[in-house]
Amino acid sequence: MALSIATRQLDGVTILDLSGRITLGEGSVQLRDAIRDLISKGDKHILLSLGDVNYIDSSGLGELVSAFTTAKNQNADVKLLNLTKKVKDVLQVTKLYTVFDIYDDEAHAIGSFK
Amino acid sequence: MDSVAEVEAAAERLTQAAGLDEDESFRVAMAVREAAVNAVLHGNGYDPAKQIGASFENNGESLIITITDEGEGLDPDKIPDPLAQENLLRGTGRGIFLIRSFLDEVHFRQLHPGTELTLIKHLSPAGNDRDGQDQPQDLDTK
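Quick note, the sequences are listed as chains A and B, same order.
Each step along the first sequence adds one to the number in our numbering, with nothing skipped, and position 59 is 59.
Each step along the second sequence adds one to the number in our numbering, with nothing skipped, and position 52 is 166.
Looking at chain A on its own, in the form it has when it is part of the complex:
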C-alpha cells in the first residue's frame, strides 16, 4: 500500500496523518515533498502521526532524518507520534529513536511545541 498523507492544523501545530508504507518508491518522495512544502510556507511545528504506517525501510528512515535536519536548519521542529511496533523496532535498531522527540499521546505532543 502506498503512502497517503492527510494534513490538519491544531493549536498551531501541523499534523500529518500518514498511512501506508514509507519506502523507496512508495512514499519517501511524497513525505519529502510534503515536509518541504510545509517548511517553505513557514510552518515551524510539524507532527508526523505514524499510527497507520506499518512499514518503513532505510530510504524511509533517511527521509525522516532529512525532514528532521531540514526543519532544524529552518528553526522548525519535526516530531513523531504513535509509532507502530515495526517502525519503533527499526528506529531503535538504528538509534534514531534517540534523535527524535517521540510521543504516544497527541495532546502531549502538541503541548510539547509550546
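Derived by calculation from the structure, the hints in this document are not laboratory data.
Glycine is no exception: its CB is placed at the ideal position from the N, C-alpha and C atoms.
Just so you know, not all the hints are guaranteed correct.
As the list claims (entries may be wrong) - Here are the in silico distance ranges between beta carbons for each label pair:
no., chain 1, residue 1, chain 2, residue 2, range
1, B, Asp189, A, Lys114, 43 to 53 Å
2, B, Phe222, A, Phe113, 43 to 53 Å
3, B, Thr206, A, Asp37, 20 to 30 Å
4, B, Asp161, A, Gly42, 40 to 50 Å
5, A, Lys95, B, Arg127, 25 to 35 Å
Since the structure of chain A is already known, use the hints to place chain B on it.
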C-alpha cells in the same frame, strides 16, 4: 522496482512457511528487501539491462536467501557505521546495517562482475515448521 517487490513477497512466503512469528518474518523480509534494493540501485545502478538474481531455501535448520547483482561490486568493510555519532543524521547508509541487524549471518562474495549476498536466518527448533521445508527456488528478474 517491481523486482524488489517480487523478491520481498517471496521472502515473506518463505518466512511464513517456515513458521516464523510476525516480528521475525518482518525482519527477515525487510532485510531481503534492503538487499534487493541495494542490488538494483547500488549494484546494477538501475541499469535495465542488468539483472538481479534471488534464491530462497529452507534446509530445515536455516533460511538461506541469496541475492546477486551484476554491478561493480562493493567492499562491505568500507561501509560507514550508521550508528557513529557523525553518521547518525545522514540520510543514507542504513541498508546493509539493517540487513546485518536482522539476520544471523550475512556473507558477501565478489562475482565477476557483481556481488552475491547470502543472508541466513537460523530457525529455532520450536519455531521451525518442518512442513514448510522447501526445495530451493530461484528468481531471476530485472
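Hints and how they fare:
{"no.": "1", "hint": "B/Asp189 / A/Lys114: 43 to 53 Å", "result": "holds (49 Å)"}
{"no.": "2", "hint": "B/Phe222 / A/Phe113: 43 to 53 Å", "result": "holds (45 Å)"}
{"no.": "3", "hint": "B/Thr206 / A/Asp37: 20 to 30 Å", "result": "holds (22 Å)"}
{"no.": "4", "hint": "B/Asp161 / A/Gly42: 40 to 50 Å", "result": "holds (42 Å)"}
{"no.": "5", "hint": "A/Lys95 / B/Arg127: 25 to 35 Å", "result": "holds (31 Å)"}
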